[in-house]
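Q: First to last, the sequence lines map onto chains A and B. With numbering that gives the first Met the number 0 applied, the first sequence covers 0 to 421. With numbering that gives the first Met the number 0 applied, the second sequence covers 0 to 386.
Don't read these hints as lab results, they were simulated from the structure. Be a bit skeptical, because a hint or two may be false.
[Said to hold, decoys possible] Subject to a maximum C-alpha distance of 16 Å in a straight line, what follows is the list of computed EDC-like cross-link-like pairs (lysine to aspartate or glutamate): (1) B:K300 x A:D118; (2) B:K300 x A:D114; (3) B:K300 x A:E15.
Residue-level listing of the chains:
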Amino acid sequence: MSSSESSSAAHIDTHETEVLIVGAGPAGIASALAARSAGARVMIVDEAPEPGGHLRWEVPDFDELPLAPVPLWRSALSESAASELDGTDIDRLMNTAVWGIFPNGPGHFIAGAYDAANDRGIRISARAVVVATGTRDRAWPVRGWELDGFFTERQLLQSLHRELPPLGKRYALIGDGKATEQVKAAIMITGGQVIFQSVDINHLRIEGDGRVERIVDRSGPVDVDAVVMAFGQRIDPTLAVQAGAQHTLHVGEAVPTPFITPDGATTIPGLFLVGEAAGVQSARWAYQHGERVGAAAARGVPAHEPVEGIWIDPEKPRRPFFPPPRDRAILIDREEGVTLGQIEDAIEAGAWDINDIRRITRVGMGESQGAESLPVVATLLLWRDSAIADERLLARPRPPVRPIPFHAFLPDQAEALANHIH
Amino acid sequence: MPSSRSSSRILIVGGGVIGTSIAWHLARRGAAVTLLEQRGLASAASGSSAGGVRQQGRDLRELPLAIASIARWKDLEAELAADIHYRREGHIQVTEREDDIPRMREAIARQQEVGLDIQLVEGDDLRVLVPGITPNAVAGTYTASDGHANPILTTHAFAAAAARHGARIVLDTAVTGIVRSGGQITGVETSSGPFACDWLVLAAGAWSTGLARTLDVDLPISPMGLQMMATTTMPLALAQVVGALNRHLSLKQIPSGNYVIGGGWPGDPDLATNLATPRLESILGSMDHSSAIFPALRGAKLERVWVGIEGETIDQVPILGPVPGIANLSLATGFTGHGFALSPIVGQLLSELILDGTPSIPLDALTFSRFAEGSAPDLPQARIHAG
């Protein structure tokens, strides 16, 4: 590219920093503080309006609960985590989503970001990047999950924060044990009731005309207003994988996961992965991991060969956590409307790997890029052949991690045209 | 050996659209064909192609092949018994500068001489033909018989048709060495063991260079990362493939409603991992150029960016046919980002070369011999990256 072309991005606001932290949850906040303490200039970016990560949605201890139903609650943990950033000179960019990290020569990265509040594109130039993007809800196909009124755990918590539902709303809960505690508490304090609960996903069916009206199990139908799936969370290291970090398969979750050292260093010098996104469980451990990784990012660590993560146990059978669905009519991809039957047919017809299946059936080709559906496809392949090479199960994530509007990244066209022609 | 050729064992290295087309054309004539692919079908350049099926703007050395190929595309879905999303709705290369028009007329005349049906469209006619084009576009060169198709479906359709005619398609099998006895190749070593052959076809794109080097053949091909982008789905509004002079642009809207945007924006390829990394500058530049020419894209959302690994020859046209000194080797490689449209004719011509000894369209301008010492290869002409 000539110099005039490579400067085509000059119109985009550019921020410069030494250590860029993506995600302002417990791991991100701890990383930012540690990197700053080590003397680096630090910028922390999160798409939420304020720091705290998923703690912002969490229901506080019962003795903190208000007496009447309220749509907004605050977690003490979230407040204290966020307040740690106050009084520091760490740059904060809130309401801003980092949608791609682009290595730009040794020890230099350019991140593409989008400031939703001001509807504008941003570039961030950094010496090191710490990916602290946490987890996303596990979502597993069930008949009727495409209907309005189906939520995963955090989708429900976020919706209850936005708007208080009518009192007495009837919920069906899919899931059991600890993973459902937050959902149950949130439903209770917003005046709803759980009237059905099951974990037997292969014998459940959600029905309704466009939206959830009832859930059916082996003992018959139960009328409900909403269905919530609470199966816990899985790692979301997408940004690091997409940036080109060497990675392997997290067999249990059937998703890609980068090779990292205990310091969170990926195979790309200067790119780090921290906290729950790196497989660390619980906010407390994520925070401690952040203290270590933030310091490493500030001082820089040498390049390394791929290191197997702590969660990979070669002795264990290669079995994903969830069994694959069996009903051929079930939608594996709710966005693109791709059924299990279509995917099985593509495999029978010789589709070689997950990318092949993706391009032939369009599973995972929608706006979410298969965040929900591709782990299901990888699981299908693993259950068919547990010896299948990891490489064939690793769908390549592409930037942007979610769609971004062109107009926020364009120069003024009249001016650009004038520059272009003359 | 022509008489025994149809019974000889032919080995094709490379499971892209070129290798599978060659396999189909050989298998349909009863040849014993085995295709070896190191990963899966269309896992490299073919899986990343923008899918342009274009004649105009090509180097004159490959234009006759493009014209003959377009004639084949018309019936290809019936021939392969597959829906490959072929759309024949024209290709237009526009300009925003009046100054370009004389140059465009000359290019049209040169291409018409070779037999291409191409015309200049100006002013209001341009806006009628392509309603969404920028008001700044003053003229365009238009070929009604150009279009686009889905490269992945096409590759799979070639392979499936070949398999129905007895070809063996062997995936997950990387060629590690070529066994040569004097001027004759006798087989290859692979990650799945040895394969013997009477004839070898190299159609391995950017990976061809390394394979040829084991025969002491130095192909002037280097890996090139080409970036593509897709928007989220939008209402159908663009029938043609649109390119633009003085811009890096190839734009089309595929049947699902997504716009697919290329045009030669660079990414960074890694042959060892078959992964390639996009560049932010290329993404922003591509957004800028595409929405300048097709303003509806100002309202688009970018959904996905990817980079294909292509083999780029030093003079920008492919290397087809024999290698001096090796009696039973054929090349079909180095397509430099514009091989997809040529795939039917290249399969046909290579099958003719191997089975009959002579292709029905001469390949002289495209053989490896053009790089021999003493011959001066043509310098690349102004090129269009349209996939």
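Q: Next step is simple, just say for each hint if it's right about the structure.
A: Results of checking the hints against the structure:
no.: 1; hint: B:K300 x A:D118; result: 13 Å, holds
no.: 2; hint: B:K300 x A:D114; result: 15 Å, holds
no.: 3; hint: B:K300 x A:E15; result: 26 Å, violated
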